[in-house]
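Okay, here's what each chain looks like letter by letter:
There are 2 protein chains.
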Amino acid sequence: MGNKECPNGVAIPPPQPFMKSLKYSLKETFFPDDPLRQFKNQAASRKVVLTLQYFLPICEWGPRYTLRFLKSDVIAGITIASLAIPQGISYAKLANLPPILGLYSSFIPPLIYAMMGSSRDLAVGTVAVGSLLMASMLGKEVNYIHNPQLYLHLAFTATFFAGVFQASLGLFRLGFIVDFLSHASIVGFMGGAATVVCLQQLKSILGLERFTHHADLVSVMRSVFSQTHHWRWESAVLGCCFIFFLLITRYFSKQKPKLFWVSAMAPLTSVILGSLLVYFTHAEKHGVQVIGELKKGLNPASVTDLVFVSPYMNTAIKTGIIIGIIALAEGIAVGRSFAMFKNYHIDGNKEMIAIGTMNIVGSFTSCYLATGPFSRSAVNYNAGCKTAASNIVMAIAVMLTLLFLTPLFHYTPLVVLSAIIVSAMLGLIDYEAAIHLWKIDKFDFLVCISAYIGVVFGSVEIGLVIAVAISVLRVLLFVARPRTFVLGNIPNTGAYRNVEQYPNAKHIPGMLILEIDAPIYFTNASYLRERITRWIDEEEDRIKASGLNSLQYVILDMTAVANIDTSGISMFEEVKKIVERRGLQLVLVNPGSEVMKKLHKAKFLDEIGQRWVYLTVEEAVAACNFMLHTYQPNPKKDESGGGWNNV
Amino acid sequence: MGNKECPNGVAIPPPQPFMKSLKYSLKETFFPDDPLRQFKNQAASRKVVLTLQYFLPICEWGPRYTLRFLKSDVIAGITIASLAIPQGISYAKLANLPPILGLYSSFIPPLIYAMMGSSRDLAVGTVAVGSLLMASMLGKEVNYIHNPQLYLHLAFTATFFAGVFQASLGLFRLGFIVDFLSHASIVGFMGGAATVVCLQQLKSILGLERFTHHADLVSVMRSVFSQTHHWRWESAVLGCCFIFFLLITRYFSKQKPKLFWVSAMAPLTSVILGSLLVYFTHAEKHGVQVIGELKKGLNPASVTDLVFVSPYMNTAIKTGIIIGIIALAEGIAVGRSFAMFKNYHIDGNKEMIAIGTMNIVGSFTSCYLATGPFSRSAVNYNAGCKTAASNIVMAIAVMLTLLFLTPLFHYTPLVVLSAIIVSAMLGLIDYEAAIHLWKIDKFDFLVCISAYIGVVFGSVEIGLVIAVAISVLRVLLFVARPRTFVLGNIPNTGAYRNVEQYPNAKHIPGMLILEIDAPIYFTNASYLRERITRWIDEEEDRIKASGLNSLQYVILDMTAVANIDTSGISMFEEVKKIVERRGLQLVLVNPGSEVMKKLHKAKFLDEIGQRWVYLTVEEAVAACNFMLHTYQPNPKKDESGGGWNNV
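Taken in order, these protein sequences are the chains called A and B.
What the first sequence shows, in UniProt numbering, is residues 1 to 647, in sequence order.
What the second sequence shows, in UniProt numbering, is residues 1 to 647, in sequence order.
By construction, these hints were calculated from the structure, which means they are not laboratory data.
Just so it is clear, the structure is predicted and the values come from calculations on it, not from any experiment.
Some clues are possibly wrong.
Intra- or inter-copy, both count: the list cannot distinguish identical chains.
[Said to hold, decoys possible] Derived BS3-like pairs (lysine-lysine); straight-line CA-CA distance at most 30 Å:
#1 K603 / K256
#2 K603 / K258
#3 K258 / K442
#4 K27 / K40
#5 K506 / K27
#6 K23 / K254
#7 K256 / K296
#8 K47 / K342
#9 K140 / K318
#10 K140 / K386
#11 K20 / K577
#12 K256 / K318
#13 K20 / K256
#14 K23 / K603
#15 K442 / K23
#16 K506 / K544
#17 K342 / K601
#18 K601 / K295
#19 K40 / K544
#20 K40 / K577
#21 K544 / K576
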């Protein structure tokens, strides 16, 4: 068999028309999930129905809706409404916006999402991190105390741009940008943001009047401890009691998932208890701040409030893009997790269009940034929701509140809202996930902890930038410094594997078999040239020391080299020269189709000779052994168990 | 053999101490060429000598210097001096600096480089692209006509920071940053810069007094054609004649490399001819501008001229970093190419220290940015230089010129300098390389042409940013959208290969064998989950259509998966759920050591079961076939030639 050097040549793929391969690449990049597959071979009328169902999933599940579904959705909807009302008011305070905006934002956006969204479990509403980010970014431009009107209008404008950005990402199939926020960076970022949000609550829990406008740990601590004489014990005691109550109910529900409603109802219960307490004890006169009057009535229109003049517009655009992407990352991750549990499919790009549209419409109707927060969606899921109709039920409940019940919130103490925020935020500090990251992947842990530290000691934006930068750096570093391995033969098989991973793998005398573990691009071409040269040096040193057969062949296993660019091809030409100058022969094994195509076009295959390109390492070793034994003046006996003897 | 399910288990590498693997990663990242290898097992005194030789290579080659070397180096040195003097003056004009600076910069830096550089062929001097960049970046801050003193001082400061940046990149072993400028982007960038430089020369060739300060094509063309009535035919004729003369000599030397000195001497000849012509015809009074007086004497000190006050310092730092990295990219690429020809080794990081030091010292002695330009180094190489001593010879020749010959340049017409620049720049527009890129790699061509267009229609900085951004985007896109292939059995072998590349590869009934061609990171985890699901869908459709055996096993060949992060592991857990929900079994083949380690730590191996992890696809197929035939109620006959029958 050895005299037939190359029984199965490595195929050079036939040249493809440029447009065809371009089309293929574009499809894989922008339509990896092939959303148009169901449209194939359908009648025109059917296509219209499918398109409608694609953009408005309610057209798909609506006709199949049953009374049994309705019962479940009503229960789930009322449960999440009881959570949404106090949370909405709290988060609006966090964003330095009028509390009523939190209720507005839990009315219109859920209705839009119920029609357009493809998740059955997402419960739509405002989020703490988004609110905080908005407050910190808009606060740099406009002071919300001195100019509340402009601040409010900027918030609508930022929400509008966030929606436009989200919807365009979806329309242009750029959803993969969200993937650049890795899980590790989100864990760190969310934990940091939750910490910062908790720190902010010290203001109302301690009943302080003045407070720093910075959000970082150092500023807040300095602000808190510089005015110890202003701390109000009434407020602090109340706050601690409610936090304790909320945490206890959460712990209880966690132990027995059937009792999910205990923790879901706890915030509303706290609000009612707190309001009654203030109403009867007149605690508002003893340093316990209350919400005050909330306007009755549904969302007023706000289209005319959008600000399209610089310099405010630039701030709004910047804020919109940042909060838009953070909101998307949370909404889509939450939607995907629950879809995974219930075994249905979510189209990320479609979700982006839905979330984007709901924010655009929201910005026209006095709402600010909404998405699908994890805590509320989990309650929705546990409450047994069947379809997005639970969002409609929640919206109706919020609508009734807006129409008739707002005066009841007059005496709600701010400290209860802070307690609700703190207890929700503590759940976001996922230290267990951070420990898990440390155990499995140190680099992911580094990303996570950097994001956390960046948020807590710097600002939310700094943390975000650090997390994305380190994540991207890791990818670049992987490509810039690929691993190369020496391969050896696994005894009694034809397989060649990394000798470090498989200590029983045997070196083949006279040959150095290397595996390159990444595409060969400009970023790593010089490194690989240096590294291959060093492998050859080290192998020659080793051989000199042990007095074995001298090195004759350098075999490069290209299985893992997925692609190559022109710098990579130049690298190969240089390696070939280096190898030949030392009197060695370069042998390539199993280059993939892309690599083969390019090596062929660059005439490198002609240079090296097609006979030095093999399909498997086994064949290459057999052929080299044949050469060694035929042409060498004094061939030593092959001592290894591998290669030649096993073919 | 089939009943022994896993004859060679996939090894889980033993857990390594964290510090050890960290040390290994750091070494591979920062010391891939292992520069300390020669220091191992040496006496202390020998180590001192080696360190000295490391930082001052002249200590290594100096003692071995012979008279024969000297002869060659003197000839080469005089040749490059005759090129360096006119080019130096021209490029200083291009940087809007006093012409004498070009001579200063060809005196001190070459001396420093001769001591510290490890290239034997690099001829040190100023470069056109660096000069242009400096003019455009400093020109934004300070007008060189209204405030020449400050402009000059800023140029020294920028050179100082460029040197500091270059030397620190080398000292901190960060040389790989230069690798992020791919060959393709450099071709486009250099071509664009050369075009822009040529366009700038229209000013002196047409004898125009007023000229736009913008460098882009549109502004220059508008400026040139808006003042056609100011064109001076005397100047234009002179310019065209000299360009023609220079191009002819270059063509001549290219045809017969032995006559390299013809083109090397041509610029100096042009300068002498032009000066004589002006002197005798008094053409300076007929619209032919001349250099005017050049100060006699060596470089004055300029340490005290460095500007360390904002806002100027910020401009100088920014300019320094950009011109520093561009100069490095050119110098190192040139050094490497010639080292490749002559078969010696260049240490990139050491070169950076040498180039950086020479610029720092240069900034103290009235020099501006110097590096190793390609054209001059090629002349040096062709003239037969043996060591860096040719730079010393050139420096001495320039010194003599500075001391005695500067008055001779009084009548040198600017148009001759422009002709010299144009003829040098035309050689940098490497359209053949661009065609080569188009043929081999369309994406590299896109990078190249974007850089070119960015420079020509935008600015040099825009072109640079575009080129780097597209190059990095390509790397990110590669990782975000890895290829996945279906594998089939190559008849009569145990090898499994991509069925698209090898049309004769046979599908194995009941199994879907997929190869993933990239590390599994957060950027591609969701894509891969979608894509694998789609492969399974398509395979099931295909099977349904053809009425074959139903799908039973999904085999993932992980050979090319070099690494995985925690997002990747979650992806695997999800894929396992998806696969199992369809009643299929997931099988892994040949995970590498990094991947095995992490899958083990994340307990995924226990979840999937060690028996479903195989060393080769062949073994996995054999084991699956064994299961199919043993446990299936009605096993059909295996029709393929692959797998089972061949084991």
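Looking back at the hints listed earlier, which ones does the structure fail to meet?
Violated: hints 3, 6, 7, 10, 11, 12, 13 and 18.
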